[in-house]
Amino acid sequence: MIIKILGSGCRKCVTLGENAKAAAAAAGIAAEIVKVTDIAEIAAHGVMSTPGLVVDGKLLSTGKVLSAEEIGRLL
Amino acid sequence: MNVIGWMNDQLLRMQWLSDLVTAGVSAVGLDPASRIGGSVQFFVYDVIKIFILLSVLIFVISYLQSYFPPERTRRLLGGRSGIGANVLGALLGTITPFCSCSSIPLFIGFTAAGLPLGVTFSFLISSPLVDMASVILLASIFSWPVALAYVGLGLLVAVIGGTVIGRLGLEGQVAEFVRTVPVSNAFDHLTRRERLAYARDQVTEIASRVWPYVLAGVGIGAAIHNWIPESAITALLGQDKWWAVPVATLVGIPIYADIFGTLPIAEALVAKGVGLGTVLAFMMAVTALSLPSLVMLHRVVKLPLLATFTGVVTLGILGIGFTFNLLAGWFI
Numbered sequence: 001m002i003i004k005i006l007g008s009g010c011r012k013c014v015t016l017g018e019n020a021k022a023a024a025a026a027a028g029i030a031a032e033i034v035k036v037t038d039i040a041e042i043a044a045h046g047v048m049s050t051p052g053l054v055v056d057g058k059l060l061s062t063g064k065v066l067s068a069e070e071i072g073r074l075l
Numbered sequence: 001m002n003v004i005g006w007m008n009d010q011l012l013r014m015q016w017l018s019d020l021v022t023a024g025v026s027a028v029g030l031d032p033a034s035r036i037g038g039s040v041q042f043f044v045y046d047v048i049k050i051f052i053l054l055s056v057l058i059f060v061i062s063y064l065q066s067y068f069p070p071e072r073t074r075r076l077l078g079g080r081s082g083i084g085a086n087v088l089g090a091l092l093g094t095i096t097p098f099c100s101c102s103s104i105p106l107f108i109g110f111t112a113a114g115l116p117l118g119v120t121f122s123f124l125i126s127s128p129l130v131d132m133a134s135v136i137l138l139a140s141i142f143s144w145p146v147a148l149a150y151v152g153l154g155l156l157v158a159v160i161g162g163t164v165i166g167r168l169g170l171e172g173q174v175a176e177f178v179r180t181v182p183v184s185n186a187f188d189h190l191t192r193r194e195r196l197a198y199a200r201d202q203v204t205e206i207a208s209r210v211w212p213y214v215l216a217g218v219g220i221g222a223a224i225h226n227w228i229p230e231s232a233i234t235a236l237l238g239q240d241k242w243w244a245v246p247v248a249t250l251v252g253i254p255i256y257a258d259i260f261g262t263l264p265i266a267e268a269l270v271a272k273g274v275g276l277g278t279v280l281a282f283m284m285a286v287t288a289l290s291l292p293s294l295v296m297l298h299r300v301v302k303l304p305l306l307a308t309f310t311g312v313v314t315l316g317i318l319g320i321g322f323t324f325n326l327l328a329g330w331f332i
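From first to last, the protein sequence lines are chains D and L.
The first sequence maps to residues 1 to 75 in the UniProt record's numbering.
The second sequence maps to residues 1 to 332 in the UniProt record's numbering.
Hints were generated in silico from the structure; no laboratory data involved.
Don't take every hint at face value.
Stated by the list, open to error - Pair by pair, the computed Cβ-Cβ distance ranges are:
#: 1; chain 1: L; residue 1: Phe59; chain 2: D; residue 2: Ala27; range: 31 to 41 angstroms
#: 2; chain 1: D; residue 1: Glu41; chain 2: L; residue 2: Leu17; range: 40 to 50 angstroms
#: 3; chain 1: L; residue 1: Glu194; chain 2: D; residue 2: Glu41; range: 41 to 51 angstroms
#: 4; chain 1: D; residue 1: Ala26; chain 2: L; residue 2: Phe59; range: 46 to 56 angstroms
#: 5; chain 1: D; residue 1: Ala68; chain 2: L; residue 2: Leu190; range: 40 to 50 angstroms
#: 6; chain 1: D; residue 1: Ala68; chain 2: L; residue 2: Ala328; range: 17 to 27 angstroms
#: 7; chain 1: L; residue 1: Arg192; chain 2: D; residue 2: Glu18; range: 49 to 59 angstroms
#: 8; chain 1: D; residue 1: Ala22; chain 2: L; residue 2: Gly273; range: 21 to 31 angstroms
#: 9; chain 1: L; residue 1: Glu194; chain 2: D; residue 2: Val14; range: 22 to 32 angstroms
#: 10; chain 1: L; residue 1: Asp9; chain 2: D; residue 2: Ala22; range: 21 to 31 angstroms
What the hints assert, rightly or not - Straight-line alpha carbon distances no greater than 16 angstroms define the calculated EDC-like cross-link-like pairs of lysine to aspartate or glutamate that follow:
#: 11; chain 1: D; residue 1: Lys35; chain 2: D; residue 2: Asp56
#: 12; chain 1: D; residue 1: Lys64; chain 2: L; residue 2: Glu194
#: 13; chain 1: D; residue 1: Lys35; chain 2: D; residue 2: Glu69
#: 14; chain 1: D; residue 1: Lys64; chain 2: D; residue 2: Glu32
#: 15; chain 1: D; residue 1: Lys21; chain 2: D; residue 2: Glu69
#: 16; chain 1: D; residue 1: Lys64; chain 2: L; residue 2: Asp240
#: 17; chain 1: L; residue 1: Lys241; chain 2: L; residue 2: Glu230
#: 18; chain 1: D; residue 1: Lys64; chain 2: L; residue 2: Glu205
#: 19; chain 1: L; residue 1: Lys241; chain 2: L; residue 2: Glu205
Backbone N, C-alpha and C fix where the C-beta goes; we use that ideal spot for every residue, glycine too.
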């Protein structure tokens, strides 16, 4: 599973990345966390508020720092 | 007894807190009228006041803002043009949740959806410049007429700035990839519980992000308040100096901070006899334009458009500064 964190590197994106990692670990899923900081690539997902969470190419949330539990439910 | 006056003094200016801190400073053996005691009083009182206001305001405002995600704003603005669209863009800029790290995706999203460049810029100018928190904070530190005038003039800069940029026909100055971005206007409908959770998260997130700026701002404010002689400040920024507004604007542009950090500095400068227009120009320059945000914007717009944007906003801020200084008698 590939989890992408979209965001230009602000604190929110870092927190979301950590939560996603924890969520995947808790669910026993082998996940690769990819940080997407390139503005063109972020925009290519149609995201207007960062951070965005993309799992296996599907956009799951934007503009929110989800907790590990919330991400776990989405996974 | 004047109820509104009382509410202003106690709830917004928090006179009770000032009195409490003064008593506390005296209790630990410092004279509040002395330099050190005065600095300590200003610092403690302002830090506590700003954090109380910040928490309450961000909570209430974020709750209201949760009704206006960028996707909804974009839909509201879609298909409109002319000055009405600029006005609406500027107004929506004051309520759409927006942190400076999101300005670029927002710009791309708006442009990709075919919104006129001028309308997008009206939104981008008003968004950091005029937000609801700044209105209440200005009322708290100065007065309601000042706060309302700041909002009115801030919106005017956004509308005029956006209109000018729209008229110049600079559409070709946007990076090519922007036009090919997919557009989806879907957004989540939240329950009340989710909105409350969002508002609470915003308070923690913003407070944890801005506290260094608040401490630095209050520290500089306390230094101006008690240590720098009034004559030195008025020699540079006094009401009779024509260069006061341009100097304040040029100093403010490269600085990155938000309204919470700038207000204590503004408060101290006004107390030292600096013109209101000069101080507002400084605040607007700090919040509307900053080096980091210009560098980010340069990734999606080419230099001529970036320079036009900076120039138009700078001229607008200068105009507001001079106007306020001329009309200051009406407000104080």
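Okay, the hints, checked on the actual structure:
Checked against the given bound of 31 to 41 angstroms, the beta carbons of Phe59 of chain L and Ala27 of chain D, roughly 33 angstroms apart, stay inside it. Taking the beta carbon of each, Glu41 of chain D and Leu17 of chain L are about 48 angstroms apart, inside 40 to 50 angstroms as hinted. Taking 41 to 51 angstroms as the suggested C-beta distance range, the pair Glu194 of chain L and Glu41 of chain D does not conform, at roughly 29 angstroms. Between Ala26 of chain D and Phe59 of chain L the CB atoms are about 30 angstroms apart, so this pair departs from the stated range of 46 to 56 angstroms.
Between Ala68 of chain D and Leu190 of chain L the Cβ separation comes to about 21 angstroms, which falls outside the hinted range of 40 to 50 angstroms. Look at Ala68 of chain D against Ala328 of chain L: about 53 angstroms separates their beta carbons, and that is not inside 17 to 27 angstroms. Here the CB-CB span from Arg192 of chain L to Glu18 of chain D is close to 29 angstroms, at odds with the stated 49 to 59 angstroms. Range check, Ala22 of chain D to Gly273 of chain L: Cβ separation about 55 angstroms, and the 21 to 31 angstroms hint is violated.
Taking the beta carbon of each, Glu194 of chain L and Val14 of chain D are about 23 angstroms apart, inside 22 to 32 angstroms as hinted. Separated by about 48 angstroms at the C-beta atoms, Asp9 of chain L and Ala22 of chain D break the suggested range of 21 to 31 angstroms. Under the criterion of a C-alpha separation no larger than 16 angstroms, the hint pairing Lys35 of chain D with Asp56 of chain D is consistent with the structure, at around 13 angstroms. Simply put, Lys64 of chain D and Glu194 of chain L have alpha-carbon atoms about 11 angstroms apart, close enough for the 16 angstroms limit, and the pair holds.
With a C-alpha separation of about 20 angstroms, the suggested pair Lys35 of chain D and Glu69 of chain D falls outside the 16 angstroms cut-off, and the hint is violated. Proposed proximity of Lys64 of chain D and Glu32 of chain D is contradicted: the alpha carbons are some 20 angstroms apart, above 16 angstroms. For the hint linking Lys21 of chain D to Glu69 of chain D, the alpha-carbon distance of about 11 angstroms falls within 16 angstroms, and the restraint holds. The hinted pair formed by Lys64 of chain D and Asp240 of chain L fails the criterion: a straight-line CA distance of about 49 angstroms is larger than 16 angstroms.
Between Lys241 of chain L and Glu230 of chain L the CA atoms are separated by roughly 14 angstroms; this keeps the pair inside 16 angstroms, and the hint holds. Restraint check for Lys64 of chain D and Glu205 of chain L: satisfied, since their Cα atoms lie roughly 11 angstroms apart, inside the 16 angstroms limit. Proximity of Lys241 of chain L to Glu205 of chain L is assessed by CA-CA distance (about 41 angstroms); at most 16 angstroms being required, the pair is judged violated.
Checked against the numbered hints listed earlier, the structure breaks hints 3, 4, 5, 6, 7, 8, 10, 13, 14, 16, 19; every other hint is satisfied.
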